[in-house]
Amino acid sequence: MLLDLTQHKPSGVTIDNCQAGDMVTVSGMIHNVRVTKWGGFIILRKSRGLLQAVVQNETSKFFDESGNEIALNGLCREMAVTIEGTVGEAKIKDPAAFYNTIEVAVSTVRVLSRPTTPEVVDMNALKFGDEETLLRYKFDNRQVTLRNPRDMAILKVQSTIAKAFADFLTENGFTQIYTPKIVSEGAEGGANVFKMDYFGKQVYLAQSPQFYKQIGVGVYERVFEIAPAYRAEKHNTSRHLNEYISLDVEMGFIKGQEDVMTLEAALLHAIISRVVTDCAHELALLNATVPQLPQQVPAWKLSEVHEILFENHLCEEDHRGEDDLAPEEERAICKYALEQFGSDFVFVTHFPSQHRAFYAMDDPEDPSLTLSFDLLMRGLEITSGGQRIHKEADYREKMLKRGMNPDNFRFYLDTFKNGMPPHGGFAIGLERITACFLGINNVKECSMFPRDINRVAP
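504 is the number that this note's numbering gives the last residue of the sequence shown; the numbers go up by one with no jumps.
Incorrect hints may have been included.
[Unchecked claim] Quick list of simulated restraints, FRET-style, between CB atoms: (1) Ser319 x Leu51: 34 to 40 angstroms; (2) Gln189 x Thr308: 38 to 44 angstroms; (3) Glu115 x Val166: 19 to 25 angstroms; (4) Asn238 x Pro373: 14 to 20 angstroms; (5) Arg80 x Ser230: 57 to 63 angstroms; (6) Lys463 x Thr335: 30 to 36 angstroms; (7) Pro226 x Met69: 25 to 31 angstroms.
[Said to hold, decoys possible] EDC-like mimics (lysine to aspartate or glutamate), calculated; alpha carbons at most 20 angstroms apart, straight line: (8) Lys137 x Asp68; (9) Lys347 x Glu374; (10) Lys92 x Asp197; (11) Lys280 x Asp68; (12) Lys227 x Glu289; (13) Lys184 x Asp168.
The hints are simulated quantities; they were obtained by calculation from the structure and are not laboratory data. Using N, Cα and C, we set each Cβ at its ideal position, and we do this for glycine too.
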């Protein structure tokens, strides 16, 4: 068979480019049906939100899958239908209505398919006594509850963030790469790796594409990837996932980690701008406030953050001398940065070498610290990054000091044996940045199908 493309041309008038008085044919899922004495309403769910269709008893007709005429009350939620009608102006107050200035006067509705269960989940009635019970129900029935306009909006914003990420980097000379997720060694070592049997060999699910994106720098100079990452951490919190989407960046010929931080700030400006432009409906539906990112972003060393919070009595405990930031410190320093500098973002730099991955470059002025950073947004870490070691001898020396066997990383070290430029990069957790962007408390809501220590289905 040959497909005749001339017979499958895009239609001229669609619901997205129509004007009042246009005849349209629009397909979607029935989100709700309301029957009145004079007719009623069909609320149709489209990819961006809801569309209202108005039924008049005298002029509207309805047909089932076999072409038999049925009544309006023969329609139900989650039917797939095609509606033909005339576009009219409207003022729809429902915030879930993406099409809030138009409606469709129905001439015909044709049912394409129908749900087989009499207890179709009502997306408008997902209310429970507490948030934990609600979230458990939503995740247990995720394949259906994702159809809720609010959940649709979250993932639509997430999709826009990922696209803006890729577009900005591509426009700035980066090449998108695709790296393996079955690896022979964990990029960060430790116990938080998932082990697998691979034809009789022990292998791991990749914690990060770190090794491969560094290799990519030797090829393309600037690379990025959008892909899953896996952490076998036994957390069951609102901040963690065991499988998440990592937005990874690596760039060569840098002068220092400041080059990497500057790139990320510019990238975030582009992402914010894109979301504001493309997701105004979703932001309004979720009542989300756009994060503030000034041209000068606060950046402090870890030790300086401890001191700022202690001197200003912003934390209950004294964290000075600790090797990382406590969650209360992350929240407190972000609040301080917003109040003092009008920034929802804070860079924290110079973490201790012993608590950073072996590939992090030590600070020549103080080898106990690294040229590394975290980026905090609204009280939560969304990024880890920094400058990497780029000389083979330095890698071997650091590995031996840590009791690591360089022979286990032969393919990785061969990269540097053959020459590499100074480079660095970062990784952003897509679910976390989405949650921070939208003010969502549980990062699992920003995963289409979250994976944590208790959940591997649906």
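Hint check results:
1. Ser319 x Leu51: 34 to 40 angstroms: About 37 angstroms separates the Cβ atoms of Ser319 and Leu51, which means 34 to 40 angstroms holds.
2. Gln189 x Thr308: 38 to 44 angstroms: Holds, at about 42 angstroms.
3. Glu115 x Val166: 19 to 25 angstroms: Cβ of Glu115 to Cβ of Val166: about 23 angstroms, so the range 19 to 25 angstroms holds.
4. Asn238 x Pro373: 14 to 20 angstroms: Given a distance of about 18 angstroms, which is inside 14 to 20 angstroms, the answer is holds.
5. Arg80 x Ser230: 57 to 63 angstroms: 59 angstroms, holds
6. Lys463 x Thr335: 30 to 36 angstroms: Given a distance of about 50 angstroms, which is not inside 30 to 36 angstroms, the answer is violated.
7. Pro226 x Met69: 25 to 31 angstroms: 52 angstroms, violated
8. Lys137 x Asp68: 18 angstroms, holds
9. Lys347 x Glu374: 17 angstroms, holds
10. Lys92 x Asp197: This hinted pair holds, its Cα atoms lying about 13 angstroms apart.
11. Lys280 x Asp68: 56 angstroms, violated
12. Lys227 x Glu289: This hinted pair holds, its Cα atoms lying about 12 angstroms apart.
13. Lys184 x Asp168: 12 angstroms, holds
Figure legend: structure checked against the earlier numbered hints; hints not met, in rising order: 6, 7 and 11.
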